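Visitor: Construct the entire structure; sequences and hints are all you get.
There are 4 protein chains.
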Amino acid sequence: MERLRTIVEGTDTPAGRTFDLVVQALILASLATFTLETIPGLSAQTKYVLDVVEVVAVVLFSLEYALRVTVSRPVWKYSLSGFGLIDLAAILPFYLRLGIDLRSVRVLRVLRLFRILKLVRYSKAIANVRAALKSVRSELVVFMVATVLVLYIAAVGIYYCEHEAQPKAFASIPHCLWWAVATMTTVGYGDVYPITPAGRIFTFLILMLGLGVVAVPTGLVSSALTRGKVGGADVDAGEGESRDNR
Amino acid sequence: MERLRTIVEGTDTPAGRTFDLVVQALILASLATFTLETIPGLSAQTKYVLDVVEVVAVVLFSLEYALRVTVSRPVWKYSLSGFGLIDLAAILPFYLRLGIDLRSVRVLRVLRLFRILKLVRYSKAIANVRAALKSVRSELVVFMVATVLVLYIAAVGIYYCEHEAQPKAFASIPHCLWWAVATMTTVGYGDVYPITPAGRIFTFLILMLGLGVVAVPTGLVSSALTRGKVGGADVDAGEGESRDNR
Amino acid sequence: MERLRTIVEGTDTPAGRTFDLVVQALILASLATFTLETIPGLSAQTKYVLDVVEVVAVVLFSLEYALRVTVSRPVWKYSLSGFGLIDLAAILPFYLRLGIDLRSVRVLRVLRLFRILKLVRYSKAIANVRAALKSVRSELVVFMVATVLVLYIAAVGIYYCEHEAQPKAFASIPHCLWWAVATMTTVGYGDVYPITPAGRIFTFLILMLGLGVVAVPTGLVSSALTRGKVGGADVDAGEGESRDNR
Amino acid sequence: MERLRTIVEGTDTPAGRTFDLVVQALILASLATFTLETIPGLSAQTKYVLDVVEVVAVVLFSLEYALRVTVSRPVWKYSLSGFGLIDLAAILPFYLRLGIDLRSVRVLRVLRLFRILKLVRYSKAIANVRAALKSVRSELVVFMVATVLVLYIAAVGIYYCEHEAQPKAFASIPHCLWWAVATMTTVGYGDVYPITPAGRIFTFLILMLGLGVVAVPTGLVSSALTRGKVGGADVDAGEGESRDNR
Chain A
1 MERLRTIVEG
11 TDTPAGRTFD
21 LVVQALILAS
31 LATFTLETIP
41 GLSAQTKYVL
51 DVVEVVAVVL
61 FSLEYALRVT
71 VSRPVWKYSL
81 SGFGLIDLAA
91 ILPFYLRLGI
101 DLRSVRVLRV
111 LRLFRILKLV
121 RYSKAIANVR
131 AALKSVRSEL
141 VVFMVATVLV
151 LYIAAVGIYY
161 CEHEAQPKAF
171 ASIPHCLWWA
181 VATMTTVGYG
191 DVYPITPAGR
201 IFTFLILMLG
211 LGVVAVPTGL
221 VSSALTRGKV
231 GGADVDAGEG
241 ESRDNR
Chain B
1 MERLRTIVEG
11 TDTPAGRTFD
21 LVVQALILAS
31 LATFTLETIP
41 GLSAQTKYVL
51 DVVEVVAVVL
61 FSLEYALRVT
71 VSRPVWKYSL
81 SGFGLIDLAA
91 ILPFYLRLGI
101 DLRSVRVLRV
111 LRLFRILKLV
121 RYSKAIANVR
131 AALKSVRSEL
141 VVFMVATVLV
151 LYIAAVGIYY
161 CEHEAQPKAF
171 ASIPHCLWWA
181 VATMTTVGYG
191 DVYPITPAGR
201 IFTFLILMLG
211 LGVVAVPTGL
221 VSSALTRGKV
231 GGADVDAGEG
241 ESRDNR
Chain C
1 MERLRTIVEG
11 TDTPAGRTFD
21 LVVQALILAS
31 LATFTLETIP
41 GLSAQTKYVL
51 DVVEVVAVVL
61 FSLEYALRVT
71 VSRPVWKYSL
81 SGFGLIDLAA
91 ILPFYLRLGI
101 DLRSVRVLRV
111 LRLFRILKLV
121 RYSKAIANVR
131 AALKSVRSEL
141 VVFMVATVLV
151 LYIAAVGIYY
161 CEHEAQPKAF
171 ASIPHCLWWA
181 VATMTTVGYG
191 DVYPITPAGR
201 IFTFLILMLG
211 LGVVAVPTGL
221 VSSALTRGKV
231 GGADVDAGEG
241 ESRDNR
Chain D
1 MERLRTIVEG
11 TDTPAGRTFD
21 LVVQALILAS
31 LATFTLETIP
41 GLSAQTKYVL
51 DVVEVVAVVL
61 FSLEYALRVT
71 VSRPVWKYSL
81 SGFGLIDLAA
91 ILPFYLRLGI
101 DLRSVRVLRV
111 LRLFRILKLV
121 RYSKAIANVR
131 AALKSVRSEL
141 VVFMVATVLV
151 LYIAAVGIYY
161 CEHEAQPKAF
171 ASIPHCLWWA
181 VATMTTVGYG
191 DVYPITPAGR
201 IFTFLILMLG
211 LGVVAVPTGL
221 VSSALTRGKV
231 GGADVDAGEG
241 ESRDNR
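Protein chains in written order, with our numbering: chain A, 1 to 246; chain B, 1 to 246; chain C, 1 to 246; chain D, 1 to 246.
Be careful, since some hints might not be right.
Capping the alpha-carbon separation at 25 Å, the derived lysine-lysine pairs in DSS-like fashion look like this [unchecked claim]:
#1 C:K47 to B:K168
#2 C:K134 to B:K168
#3 A:K47 to D:K168
#4 B:K168 to A:K168
#5 D:K47 to A:K168
#6 C:K168 to D:K134
#7 A:K168 to B:K77
#8 D:K47 to C:K168
Don't read these hints as lab results, they were simulated from the structure.
On a predicted model such as this, the values are computed, not experimentally measured, just so you know.
Guide: Structural data, given as structure tokens:
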């Protein structure tokens, strides 16, 4: 039992590492079937193969869940943890589907997505990133709020410039917010864009002032990540963090 | 009276903090009604609800304004400050609307937007950002000027490359400036783009040289923000700044 | 004479500074007429006003040129310097136009653009930026070359993926280079884009690897600019640079 | 023989440097013919010229290959190295084409692309970049994995928001991945974009959270490159690296 716990919960023994790799491969396989299922016009044969992979994955995930519950000390610790609930949510929809009508619960399958988060669980390097994020947390919040303000101001401004010229594309401030998001992130789909001189000049001004605001958080994270390394403190900080992580 | 001033102007007591939170919630509610009003095809009932929220918000903002004027020492200090004028501008349009014809003053409602700035008033973390911006101010100015030059050169260059091939999209240098803004910020709506080989080669060259110029200010702010933190000086600098801020 | 030289070449006396400001205002006015002239459908009156501004600007620029030649010691120093040639190139097209046929030399007017560079002449803060650029020059060159390689690889790759499916949009590797430029800079006009699964997967891969390469130069400049400031060395370096500048 | 080796393998003597420059010029010429050949509608004469350049280039490349094999000590060292295989792959397709049917091996010509990598061989400055990349390798991996996760989550989310409204553009999760790539890199071609309010709100949220993740690697490389220089260690590190490089 003690040995089983080392394999299931630990990552220090070869057996423990193999167990984790198998689980992760299973998650990837299950995500692949989830993705491929949505392609329209699959042959009956392909659908059958995907269904088989799906059933096998769920059965193995259920075994994994049972194992984790069994080795957990105190026994409720795993089932009530965040990852325990996610693991349950990842297999439950399948069993619910067997009992109730298929269609009405299909939306629950989105929860399977959280299986991705399992992958996050094992990497030590992430602790480094988390420490960097923590060190610039308050600045990140300021710029997130500033981004929302800039987007709103952009939307109101363009509404007054373009609403009359393009009453459909810039129908309301919520519509203009969509333009603001696509423009200030520089995605620029081209589904809506200003055509009046006033709207274009306003777009230029808000881009000059706003691009910095929207793009600063990214720069902050990068700077924080490399800054931590200058002092050589990243190894200690990383290990200290990862202890909390388990 | 002294106690009232602590609540209205200060953020140190629980009552003061509650007062600020209520005002901020009110600002958000008022912005929400402003935003939703612009959606076309609202039912009469929805419009009525929005009007009620609007009236309630203005009444409460008026009370807040009266309170702030009352507790201000010397008495004219608040009303003549930047925020005092913004607060007045945020409620005045409503009262003006009651007296004069509705339509002619509608444009004044844009001023309500400045209520957003009230949100800026309370955050201490912003002082940090202001100090960082100040430390790279002259470089920011240089790159802002350089950005305008790059945009102008891009516009003139593309005018000579594309005007003959697309006399409508690239009709004049002001038209080309719109292309330059959309291109150099990498928004790229796709409403105007070069089609001649010369225009495309010019676009490539100006992007290679110009992207750096346009994007540097963002990087400057990020670097300045994290650099301040290395020396551990950000706390002092931040507090020194925030004192001026009140 | 000595006094005149101080005014024309120096920026330390009030008179010298006023002279520079007048010249810069003149450059902006002349660029404005150049820009507005290209708008189609101007009234005869507007054209007349623009022509007058143009003539006045050229006359004043000629006076300035004559002044600068006069005060220059040794006398040929200014006329053979980079700025002397630019100043000449900025006024010469006008006089050429008087003698020869108008249309054939119109293209020479592009040279007026270099007047913008005069603006560059006076700012001290630019020296700071130049020092930063110099310190990362070799890395900038490496990434510029890498950018060209990435663009070429992207063009060849997409040619093999998309040429058969879209023989017109991806007609040849030069055509694909245009797609590569628009994509790797994230401008994304939307005039050409991959439609085959192979082309889309290739686009994803080349974006993952290439975005970093294309965007690194910008980050380099920002980092270099703020790094120089940490050591407090930027003032000295800046002044040392600006001396060469005059 | 010893002298020949110095010329062919070294870059320290004038003759060695000339040899390298000639080879690089040849690579560029050969890439130019490869590029121009793909343009449709070339005249017979142009095709003939391109073919001649191609043959000359291959002959010279073959001579270079023979030379390198000859001077290599031990003799198999070069032919089994990475660059030896690339050099062989760059000339082999031409000889294969002579024997077998032309069309079936045309795809092999893509390998000529690797000639570009020869250019990489000679620059010392690249060692600097490699050291910087190495120092942030683990963070780069974390953010690459995070980027893939963000793209997948974006694709699944938009599939549930938009599939019903646009069953063709958002036909399956693989289709949505294409939208996710174009959006999260901010390329934004505009071939697919959300039209439902749910899809647009989701796009806003995923952009706010995801842009940082996707763009951080670029910032990391820039910071690492300039950070290395602060300590003055870049010269030593660079030279140490370049020794392994030969």
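Visitor: All the hints need checking, so say for each whether the structure fits it.
Guide: We went through each hint and held it up to the structure:
{"no.": "1", "hint": "C:K47 to B:K168", "verdict": "holds (20 Å)"}
{"no.": "2", "hint": "C:K134 to B:K168", "verdict": "violated (42 Å)"}
{"no.": "3", "hint": "A:K47 to D:K168", "verdict": "holds (20 Å)"}
{"no.": "4", "hint": "B:K168 to A:K168", "verdict": "holds (24 Å)"}
{"no.": "5", "hint": "D:K47 to A:K168", "verdict": "violated (53 Å)"}
{"no.": "6", "hint": "C:K168 to D:K134", "verdict": "violated (42 Å)"}
{"no.": "7", "hint": "A:K168 to B:K77", "verdict": "violated (46 Å)"}
{"no.": "8", "hint": "D:K47 to C:K168", "verdict": "holds (20 Å)"}
When held up to the earlier numbered hints, the structure conflicts with 2, 5, 6 and 7 and fits the remainder.
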